[in-house]
Amino acid sequence: MQFLRVIWDTLRLQMKNSFVRPMFRFCLIINPVANTILIYEMFRNSGHDNFGTFVILGAGLMALWGCICFSSAGDINRERWSGTLSMIYTAPAGFQVIILGKILGNTLLSLLTLLISFVTARVLYGAFFYLPSPFLTLFSLFCAVVCFIVFSTLIAYLLTLSRKTTLYMNLIEIPIVLLCGFVIPISFLPPWIHPLSYILPPTWAVRLLRLSIQQTGNAEFFATLAILTLITALYGAASLLLYKVIDKQIRKSATLEVF
Amino acid sequence: MIIEVNEFKRTYTTYKGWVSRKKETVTAVNGISFAVEKGTIFGLLGQNGAGKTTTIKTLITLLAPTSGTCKVLGYDTFRQAKQIRPRINFIFGGELGVYRRLSARDNLAYFSNLYHVPPSVAKARIEDALDLVGLTDKADILCETFSKGMLQRLQIARGLVNDPEILFCDEPTVGLDPLGARMLRDVLKVLRGRGKTIMLTTHYMPEADELCDTIALIDGGVIVAMDTPSMLKNDGESLDDAYVRLVGKKEG
Numbered sequence: 001m002q003f004l005r006v007i008w009d010t011l012r013l014q015m016k017n018s019f020v021r022p023m024f025r026f027c028l029i030i031n032p033v034a035n036t037i038l039i040y041e042m043f044r045n046s047g048h049d050n051f052g053t054f055v056i057l058g059a060g061l062m063a064l065w066g067c068i069c070f071s072s073a074g075d076i077n078r079e080r081w082s083g084t085l086s087m088i089y090t091a092p093a094g095f096q097v098i099i100l101g102k103i104l105g106n107t108l109l110s111l112l113t114l115l116i117s118f119v120t121a122r123v124l125y126g127a128f129f130y131l132p133s134p135f136l137t138l139f140s141l142f143c144a145v146v147c148f149i150v151f152s153t154l155i156a157y158l159l160t161l162s163r164k165t166t167l168y169m170n171l172i173e174i175p176i177v178l179l180c181g182f183v184i185p186i187s188f189l190p191p192w193i194h195p196l197s198y199i200l201p202p203t204w205a206v207r208l209l210r211l212s213i214q215q216t217g218n219a220e221f222f223a224t225l226a227i228l229t230l231i232t233a234l235y236g237a238a239s240l241l242l243y244k245v246i247d248k249q250i251r252k253s254a255t256l257e258v259f
Numbered sequence: 260m261i262i263e264v265n266e267f268k269r270t271y272t273t274y275k276g277w278v279s280r281k282k283e284t285v286t287a288v289n290g291i292s293f294a295v296e297k298g299t300i301f302g303l304l305g306q307n308g309a310g311k312t313t314t315i316k317t318l319i320t321l322l323a324p325t326s327g328t329c330k331v332l333g334y335d336t337f338r339q340a341k342q343i344r345p346r347i348n349f350i351f352g353g354e355l356g357v358y359r360r361l362s363a364r365d366n367l368a369y370f371s372n373l374y375h376v377p378p379s380v381a382k383a384r385i386e387d388a389l390d391l392v393g394l395t396d397k398a399d400i401l402c403e404t405f406s407k408g409m410l411q412r413l414q415i416a417r418g419l420v421n422d423p424e425i426l427f428c429d430e431p432t433v434g435l436d437p438l439g440a441r442m443l444r445d446v447l448k449v450l451r452g453r454g455k456t457i458m459l460t461t462h463y464m465p466e467a468d469e470l471c472d473t474i475a476l477i478d479g480g481v482i483v484a485m486d487t488p489s490m491l492k493n494d495g496e497s498l499d500d501a502y503v504r505l506v507g508k509k510e511g
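So the protein lines, in turn, are chains A and B. Residue 155 in this note's numbering sits at position 155 of the first sequence; the count goes up by one each step and never skips. Just add 259 to wherever you are in the second sequence, counting from 1, and you've got this note's numbering.
It is possible that part of the hints are untrue.
[Unchecked claim] Straight line, CA to CA, 30 angstroms or less: simulated DSS-like cross-link-like pairs of lysine-lysine: (1) 164/A <-> 275/B; (2) 275/B <-> 244/A; (3) 397/B <-> 164/A; (4) 492/B <-> 252/A; (5) 330/B <-> 244/A; (6) 407/B <-> 164/A; (7) 252/A <-> 282/B; (8) 407/B <-> 248/A; (9) 275/B <-> 252/A; (10) 382/B <-> 248/A; (11) 341/B <-> 244/A; (12) 282/B <-> 248/A; (13) 16/A <-> 397/B; (14) 297/B <-> 248/A; (15) 330/B <-> 248/A; (16) 244/A <-> 407/B.
[Said to hold, decoys possible] Sample of chain A residues lacking proximity to chain B, with all beta carbon distances greater than 10 angstroms (derived): (17) 13; (18) 44; (19) 86; (20) 98; (21) 112; (22) 115; (23) 129; (24) 134; (25) 185; (26) 190; (27) 252.
The set of hints was computed from the structure by calculation and includes no laboratory data. Ideal Cβ positions, reconstructed from N, Cα and C, are used throughout, including at glycine.
If we strip away everything but chain A, and leave its shape as in the complex, we get (with noise of 0.2 angstroms):
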């Protein structure tokens, strides 16, 4: 109970504290504005019958993990800045509790790009959003947030080690969108990239979104399943592990408290 207070109340501040911010209002709402039109223009000719669904799904999640790299990255940075790092950390809530709230609160309020873009892509092209299976579209996009979930746990974990958060957190965030093939499949990519690809979370989850809207076999579908559910099992077991280790090297390595 006093578990799920905490989360409840850190996500509702950190709501708050989020959309107060201009640049995360930027990130909300003029980058999948932007993303819609760059991408439905880019992939017009296309022929693909669906391509519709494709440019809102692309440019919504591109925005989305843009205001998840921004705010839950670069929380650590605010709460150091802010003087309160020092207080969340050895608050008896737990610190690993404390930025799961934060990242649930940044990710539930970032879904809104995907609202964003389908009706960016509505409104300027009347674009047709088809869903063969409302059903499996909704549930995978419920496993990608769960994905984008654990995945920013650990970059949020890393960054508490390093002085240089905004540098990395600007570092990661287009690779990620090429890497995971948010908006261009990874099969457009040299070979050699691919493994690197394989082993990051957000590309299986882009890949389930992707087969949820396309009219294949179920079996593609659940083998994605099957390898999104362990990579991020993976990554989420990672996490906790490398909390432990970060936990020790923050206090001997005073790096918690340094711009």
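Guided by the hints, dock chain B onto chain A, whose structure is given.
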């Protein structure tokens, strides 16, 4: 003893350069030992960079000792931090440490939650803390509109949300106006009267003289003197004079 520090040493290591990395080690605290009795105010005084903040940050479980041991409430501050954290709190000087886009009341409610204070208890405690620091009438205003002194008062209130057994105060009156500083001193005296233990660092000697039961003078990471304020002073001497005599002598 509620706090026990034994041969505590803390160094900071930095690396410079990309090709030939150079390691630089700075010793902030060099093998200090002291103990604090329950229900007393213990003052740690010293120059900037003397090792006061490093000592406090280690005792509040934020830093690991490089060597030696630090125990709070009988628990090791590095290995048993979880047992210590719910029972202590800390106030750092300056205007940081609160969420500026929340009101004072929302800040206190959030931190109460992080300290697992039941909502029914937290509500009354928050009202008491706001009243104690004179922020009741500003409780619902966003903190971004607060003055430095008001933020500092809110920090003090935040340090009380879990009714801590030990309160660590690192230069808590920095930036406070005379009335605010007096208010804090009164709060600390009330807390001592309730059996709480307080560890305080300050540069303001009259404050240390008025509040502390024991004072340790730290310089260059080592304790140069430790006693009651009256024992540290020679006849007719102020604590300021005693400080200059004991620390200044070494500095010179």
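Now for the hints, and whether the structure bears them out:
Only pairs whose Cα atoms come within 30 angstroms are accepted, and residue 164/A paired with residue 275/B is accepted, the gap being roughly 15 angstroms. Taking the CA atoms of residue 275/B and residue 244/A, the gap is near 27 angstroms; set against the 30 angstroms cutoff, the hint holds. Distance restraint check for residue 397/B and residue 164/A: the Cα-Cα separation of roughly 37 angstroms exceeds the 30 angstroms cut-off, and the hinted pair is therefore not satisfied. With a CA separation close to 38 angstroms, the supplied pair residue 492/B and residue 252/A exceeds the 30 angstroms bound.
Our distance criterion of 30 angstroms between C-alpha atoms is met by residue 330/B and residue 244/A, whose separation comes to about 21 angstroms. Pair hint residue 407/B plus residue 164/A holds up; C-alpha atoms about 28 angstroms apart against a cutoff of 30 angstroms. For the suggested pair residue 252/A and residue 282/B, the alpha carbons sit about 16 angstroms apart, so the restraint of at most 30 angstroms is met. With a C-alpha separation of about 34 angstroms, the suggested pairing of residue 407/B with residue 248/A is violated against the 30 angstroms cut-off.
Between residue 275/B and residue 252/A the alpha-carbon distance is near 18 angstroms, which keeps this suggested pair within the 30 angstroms criterion. For the proposed pair residue 382/B and residue 248/A, the alpha carbon gap of about 35 angstroms is over 30 angstroms, so the pair is violated. A distance of roughly 13 angstroms separates the Cα atoms of residue 341/B and residue 244/A; the hinted pair therefore holds under the 30 angstroms criterion. Taking the CA atoms of residue 282/B and residue 248/A, the gap is near 21 angstroms; set against the 30 angstroms cutoff, the hint holds.
Taking the CA atoms of residue 16/A and residue 397/B, the gap is near 20 angstroms; set against the 30 angstroms cutoff, the hint holds. With a C-alpha separation of about 29 angstroms, the suggested pairing of residue 297/B with residue 248/A holds against the 30 angstroms cut-off. For a cut-off of 30 angstroms, the pair hint linking residue 330/B to residue 248/A stands: about 17 angstroms separates their Cα positions. Pair hint residue 244/A plus residue 407/B does not hold up; C-alpha atoms about 37 angstroms apart against a cutoff of 30 angstroms.
Under the 10 angstroms C-beta cut-off, the non-interface status given to residue 13/A relative to chain B is violated; the minimum distance is some 6 angstroms. Consistency note on residue 44/A: stated as away from chain B, and its beta-carbon is indeed over 10 angstroms from all of that chain's, at 42 angstroms minimum. Not every C-beta of chain B lies more than 10 angstroms from that of residue 86/A, the closest at about 6 angstroms, which undercuts listing it as non-interface. The Cβ of residue 98/A does not lie farther than 10 angstroms from every Cβ of chain B; its closest approach is about 7 angstroms, which violates its non-interface assignment.
Non-interface status of residue 112/A relative to chain B is upheld: no Cβ of that chain comes within 10 angstroms, the nearest being about 20 angstroms off. Separation of residue 115/A from chain B is adequate, the least Cβ-Cβ distance of about 25 angstroms exceeding the 10 angstroms criterion. Under the 10 angstroms C-beta cut-off, the non-interface status given to residue 129/A relative to chain B holds; the minimum distance is some 36 angstroms. Once the 10 angstroms rule is applied to beta carbons, residue 134/A is consistent with being away from chain B; the minimum gap is 37 angstroms.
Residue-level check passed: residue 185/A sits 37 angstroms from the nearest beta carbon of chain B, beyond 10 angstroms. With a cut of 10 angstroms on Cβ distances, residue 190/A stays outside the contact zone with chain B, its closest approach being about 29 angstroms. Chain B draws residue 252/A into its interface by the beta-carbon criterion, the shortest separation being 5 angstroms against a cut-off of 10 angstroms.
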